[in-house]
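Visitor: Turn these sequences into a full structure, and let the hints guide you.
Protein chains: 2
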Amino acid sequence: MSQRRLDLVFATLADSTRRAVVERLASGPASVSELAGPHDMALPTFMRHLKVLEDAGLVRSVKKGRVRTCHIEAAPLMEVQGWLAWQRQVWEQRLDRLDALALSLEKDIE
Amino acid sequence: MSQRRLDLVFATLADSTRRAVVERLASGPASVSELAGPHDMALPTFMRHLKVLEDAGLVRSVKKGRVRTCHIEAAPLMEVQGWLAWQRQVWEQRLDRLDALALSLEKDIE
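Chains as they are written, first to last, in the UniProt record's numbering: chain A, 1 to 110; chain B, 1 to 110.
Because the hints were derived from the structure by calculation, they are not lab data. We treat Cβ as the ideally placed atom computed from N, Cα and C, and that holds for glycine.
For the chain B half of the interface with chain A, some residues (derived, Cβ under 10 Å), not all of them:
id	residue
1	Q3
2	R4
3	D7
4	L8
5	D15
6	S16
7	V22
8	E23
9	L25
10	I72
11	M78
12	Q89
13	V90
14	W91
15	E92
16	R94
One side of the interface only, derived from the structure: several residues of chain B facing chain A at Cβ under 7 Å:
id	residue
17	F10
18	A11
19	L13
20	A14
21	A26
22	S27
23	G28
24	L77
25	Q81
26	L84
27	Q87
Guide: Laid out in structure tokens, this is it:
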């Protein structure tokens with residue numbers, strides 16, 4: 001994942017309305033009106049959030065007749081999670097090395 | 001983790017310089033000048049990024065004499081990773097249910 005894509009996905013998720021849409025869509029597709037329902041904002045404002053999610057590749061939507069149905073796109077979420085998991089692995093390995101070092105120092109003292 | 005904290009941590013990570021600092025600190029503490037070294041920007045600009053990281057709780061720093069040493073703070077990274085892992089779990093469970101449904105439909109047809 002390019003740095004620009006990571007920038008975009010992190011920035012998109014830095015908003016509680018957009019995270020709520022991701023949470024809702026994780027459990028299945030939904031129409032725009034279903035998605036907008038719980039949010040106390042004007043529809044055009046909500047649509048702007050949806051556009052940010054689509055532009056970042058986190059949501060795609062399909063129009064059938066008068067209903068637009070939204071789906072989650074898993075790949076960008078998994079890539080961002082992958083970046084975080086990688087940092088965690090690096091720092092846990094470092095802590096493991098520190099633990100091993102502390103143990104061997106203790107043994108030297110004994 | 002509150003919505004405001006999640007907003008803050010996601011927004012902080014939406015920048016390649018700040019992610020590079022997190023990546024560097026995952027493998028061990030570093031002084032400000034070590035951290036700034038690889039980045040082609042004026043020191044005050046770099047310090048602003050470091051301040052954003054500290055304000056979001058991702059980095060803490062300790063000054064000893066003339067050297068300020070920075071450390072990673074794991075908790076916010078883990079909480080953001082937790083949010084992403086949770087979405088993934090919800091949507092994988094849904095896919096599992098869809099698979100199970102498809103299998104049972106196939107059996108009905110046989």
